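J.: Sequence:
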Amino acid sequence: MPFTKEELLATLDPVTFEWYEPRLMRNPVTFDDAFDVLLELGRRETPAFDLSPDEIQAYRKALAWLLASPSCTNPFGGLYVWGPTGSGKTMLVRLLQRLSEIVGVHRPFWKYDRDRDKWSVAYLPLLWSSATHGETHARDYTAHYQETGKYLDEGRFVLHIGDLGAEPKEAQYYGSRSSVIASIICRRSDQHGERLSRPMVITSNYPPDALSGPNLYDDRTASRIQGDCVIVHLSSTDHRLASAQPRS
174 MPFTKEELLA
184 TLDPVTFEWY
194 EPRLMRNPVT
204 FDDAFDVLLE
214 LGRRETPAFD
224 LSPDEIQAYR
234 KALAWLLASP
244 SCTNPFGGLY
254 VWGPTGSGKT
264 MLVRLLQRLS
274 EIVGVHRPFW
284 KYDRDRDKWS
294 VAYLPLLWSS
304 ATHGETHARD
314 YTAHYQETGK
324 YLDEGRFVLH
334 IGDLGAEPKE
344 AQYYGSRSSV
354 IASIICRRSD
364 QHGERLSRPM
374 VITSNYPPDA
384 LSGPNLYDDR
394 TASRIQGDCV
404 IVHLSSTDHR
414 LASAQPRS
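To convert, count from 1 in the sequence shown and add 173; that's our numbering.
Hints were generated in silico from the structure; no laboratory data involved. Every value quoted in this text rests on a predicted model; they were computed, and no experiment measured them. Some hints could be false.
Claimed, not checked - Pairs of lysine-lysine residues, derived as DSS-like cross-links and limited to a Cα-Cα distance of at most 30 Å, are as follows:
{"no.": "1", "residue 1": "Lys342", "residue 2": "Lys291"}
{"no.": "2", "residue 1": "Lys342", "residue 2": "Lys323"}
{"no.": "3", "residue 1": "Lys234", "residue 2": "Lys284"}
{"no.": "4", "residue 1": "Lys323", "residue 2": "Lys291"}
Said to hold, decoys possible - Okay, the calculated beta carbon distance ranges per label pair:
{"no.": "5", "residue 1": "Thr189", "residue 2": "Ala339", "range": "33 to 43 Å"}
{"no.": "6", "residue 1": "Arg350", "residue 2": "Gly400", "range": "24 to 34 Å"}
{"no.": "7", "residue 1": "Asn388", "residue 2": "Thr321", "range": "22 to 32 Å"}
{"no.": "8", "residue 1": "Tyr285", "residue 2": "Pro226", "range": "43 to 53 Å"}
{"no.": "9", "residue 1": "Asp209", "residue 2": "Thr258", "range": "23 to 33 Å"}
Just so it is clear, CB atoms sit at the ideal spot from N, CA and C, and this is done for glycine as well.
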């Protein structure tokens, strides 16, 4: 007797995390305590560290993503932090990773076991930089392609792209030319759409709705970023200039 459609669908591996907690923490903390630790990390890195009311809201939104708090609408997505030069974008994602390490934040990822020819879920640390990878910038991806003809870090579960929009739009490896960053983002977005397991952490000077244009990316790339990421805006002036001024 042939299988019904419902029976066939029941044999497929699920592609959601319906039965899994969005985050597990080795050292569980409340949101408010985690926020206090995040601020203390900022003060220890920069003694003059201070946040405006708007920045506090931005930090809380980013933290809600890290911890998958109820206010976060896309806990399995990535993070896109944008704002003017010197507004603290790189610092924010660096502090978030440090907090993730301290608290021991893990999230579920779908992994493919080639030996068993089967997908399974594993809780892995929610990290996007490492001692070996560092904070990978957009220009690093184009330089790597130009040297090797391959895309950098495609196997990472969480991909960091710093300073999106500041890199050359194309790179050439012998006769092969590629819009490297656009290709990486769209490839990962396709994979993420299947299993929600290939998020990106991105910083940029550009608002997401300004990424589409002749000197940046196509509509598809800009749309993928907006659909896949929690958007956080840092609107302050250049902290690096402000910190150099004497305090009254």
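J.: Now look at each hint and say whether the structure bears it out.
T.: Evaluated hints:
1. Lys342 x Lys291: Distance of about 37 Å is beyond 30 Å: violated.
2. Lys342 x Lys323: Answer holds: lysine 342 to lysine 323 is near 16 Å, not above 30 Å.
3. Lys234 x Lys284: 28 Å, holds
4. Lys323 x Lys291: Holds - the C-alpha atoms of lysine 291 and lysine 323 are around 27 Å apart, at most 30 Å.
5. Thr189 x Ala339: 33 to 43 Å: 36 Å, holds
6. Arg350 x Gly400: 24 to 34 Å: 27 Å, holds
7. Asn388 x Thr321: 22 to 32 Å: Holds, at about 26 Å.
8. Tyr285 x Pro226: 43 to 53 Å: 45 Å, holds
9. Asp209 x Thr258: 23 to 33 Å: 28 Å, holds
The earlier numbered hint that this structure contradicts is number 1, and it is the only one.
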